[in-house]
Amino acid sequence: MNGSAVYLQPAFVLQHRPYRETSVLLDVFTRDFGVVSMIAKGVRKEKSKIAGLLLPFSALRLSFVDKTELKVLSQVEYVDSYPLERLALYCGFYVNELVQIFVHKYDPQPEIFSCYERCLGDLLLGERIEQALRYFELDLLQEAGYAVAMDSEANGNPIMTGQRYNFLADFGIVADNEGLVGGETLSILAARGALEGRALLEAKLLFRKMLDGHLQGRPLKSRDVLAKIIKYL
Amino acid sequence: MQNQGLLKELIQSLCCLPGVGPKSAQRMAFHLLQRNRDGGMQLSKMLAKAVNEIGHCRECRTLTETELCEVCANPLRDSETLCVVESPADVWVIDQATTFKGKYFVLHGRLSPLDGIGPDQLGFELLEQRMAAGQIKEIILATNSTVEGQATAHFIGEVAGKFNIRATRIAHGVPMGGELEFIDSGTLAHAFNGRREF
Ligand SMILES: [Zn+2]
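For the protein sequence lines, the chains are Y and B, in the order given.
If you use full-length UniProt numbering, the first sequence corresponds to residues 1 to 233, in order.
If you use full-length UniProt numbering, the second sequence corresponds to residues 1 to 198, in order.
Worth double-checking, as some hints may not be accurate.
Chain B stretches covered by chain Y per the calculated footprint, using a threshold of three residues with CB under 8 Å from any CB of chain Y [said to hold, decoys possible]: (1) 114-120; (2) 150-163.
Have a look at the derived ranges for each label pair, beta carbon to beta carbon [what the hints assert, rightly or not]: (3) G217(Y) <-> Q42(B): 48 to 54 Å; (4) A59(Y) <-> K23(B): 38 to 44 Å; (5) G217(Y) <-> S44(B): 26 to 32 Å; (6) S44(B) <-> K209(Y): 52 to 58 Å; (7) K41(Y) <-> P75(B): 46 to 52 Å; (8) V93(B) <-> P18(Y): 15 to 21 Å.
Restricting the straight-line Cα-Cα distance to at most 27 Å, the calculated cross-link-like pairs of lysine-lysine (DSS-like) are [what the hints assert, rightly or not]: (9) K23(B) <-> K67(Y); (10) K45(Y) <-> K23(B); (11) K41(Y) <-> K23(B); (12) K162(B) <-> K231(Y); (13) K137(B) <-> K231(Y); (14) K23(B) <-> K228(Y).
In short, the hints are calculated from the structure, not lab data.
Fair warning: this is a prediction, and the values are worked out from it, not measured in the lab.
Note that beta-carbon positions come from the ideal geometry of N, C-alpha and C, so glycine has one too.
Using the sequences and the hints given, assemble the complete structure.
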């Protein structure tokens, strides 16, 4: 996309921070160009009409042009907003950080984009928030190319109920009597069933191990903040 | 043109001010040294004194050189209503523009999980202690209408609920004198979501 202009690309703002006196730096998740960093000039002026639009959790269409390294926002259209509340809102930031880390710049990921929209929709419902997070993590891991099948072991053996399993980085799911996840949970995940109780907890531990393996020591800031928030509630 | 020396260092230091780039910093430096050395001396003394002596109020965390700020120390202010704001500047704005006579709490920021800013960075322990103390009956959430400001309001509101404290949120949306067709769709959507019985 060098040197070209992009018109009205479906996008979500992941993160925004003030830049210079009146501008904002945005990390944006676009449908066809992955994560794109761009500058929105002049939007912090008092009369800016788009300042109220360039916020996380709103479906937007953005046009932007190349100027040197940084893209420059040239047009914004509002499509829809996901007015998340309370826990769903705090968790939304975590979802944004996952995208920021796992979707590369200018790497088209339309599938993850759909999963992201679905996840925000689920969070908006406000029920089964944790389940929405777990399935987004699974989608992200699978779509980002860290192929992790939930329906069989790495060696191809089918998943058995009553058996425990572990996850080994660079290998996959293996039978292990001391493993952190049960066969029942893996079967539910493979069928995208409802996660409750023990299955919810095991899925959380399993995906955390998978994500951490790919993060290679890089901290997830929103996860730490989320843990602190929950302690107060 | 000099690339080092005191003058250059002064110009660079002035650039730390908001809205001041190298050009205006240069103009300021020359002005102080050529035309107003007394003013410059006074400014430098004031700056040093303010930076050394102004800290945070023990109760509300706003900027003050005393242990308790003017508002917290004022027995005529209502201790049952607490207005939570993001910055000390907001305290000034609200105090000037409204008839609010309660007390304040200054977060010095907002929840911003992607930047690693959580309850610890916002003095939440102190805020919770104040809620637990039992005197506060209502908390007014006057954080900004950004998503982060909303998250902060939701969070404080939830904790207030634990202590049976009523939490209210300042209204955001259509500005006074604003005509709907000239309002951006984000603001309008927000105003719609926040509609109230009329
Ligand atoms: Zn005070």
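Against the structure, the hints:
1. 114-120: holds (count 7)
2. 150-163: Contact hint for the segment 150-163 of chain B vs chain Y: holds, 7 residues under 8 Å.
3. G217(Y) <-> Q42(B): 48 to 54 Å: This hint holds: roughly 51 Å between Cβ atoms.
4. A59(Y) <-> K23(B): 38 to 44 Å: holds (41 Å)
5. G217(Y) <-> S44(B): 26 to 32 Å: Hint violated: Cβ distance 45 Å, outside 26 to 32 Å.
6. S44(B) <-> K209(Y): 52 to 58 Å: Given a distance of about 56 Å, which is inside 52 to 58 Å, the answer is holds.
7. K41(Y) <-> P75(B): 46 to 52 Å: holds (49 Å)
8. V93(B) <-> P18(Y): 15 to 21 Å: Check passed, 18 Å falls within 15 to 21 Å.
9. K23(B) <-> K67(Y): It holds: about 24 Å lies between the C-alpha atoms, which stays within 27 Å.
10. K45(Y) <-> K23(B): holds (21 Å)
11. K41(Y) <-> K23(B): Given pair K41(Y), K23(B) holds - Cα atoms ~21 Å apart, limit 27 Å.
12. K162(B) <-> K231(Y): holds (13 Å)
13. K137(B) <-> K231(Y): holds (23 Å)
14. K23(B) <-> K228(Y): With a Cα-Cα distance of about 44 Å, the restraint between K23(B) and K228(Y) is violated, given a limit of 27 Å.
The structure fails to meet hints 5, 14 from the earlier list, while all remaining hints are met.
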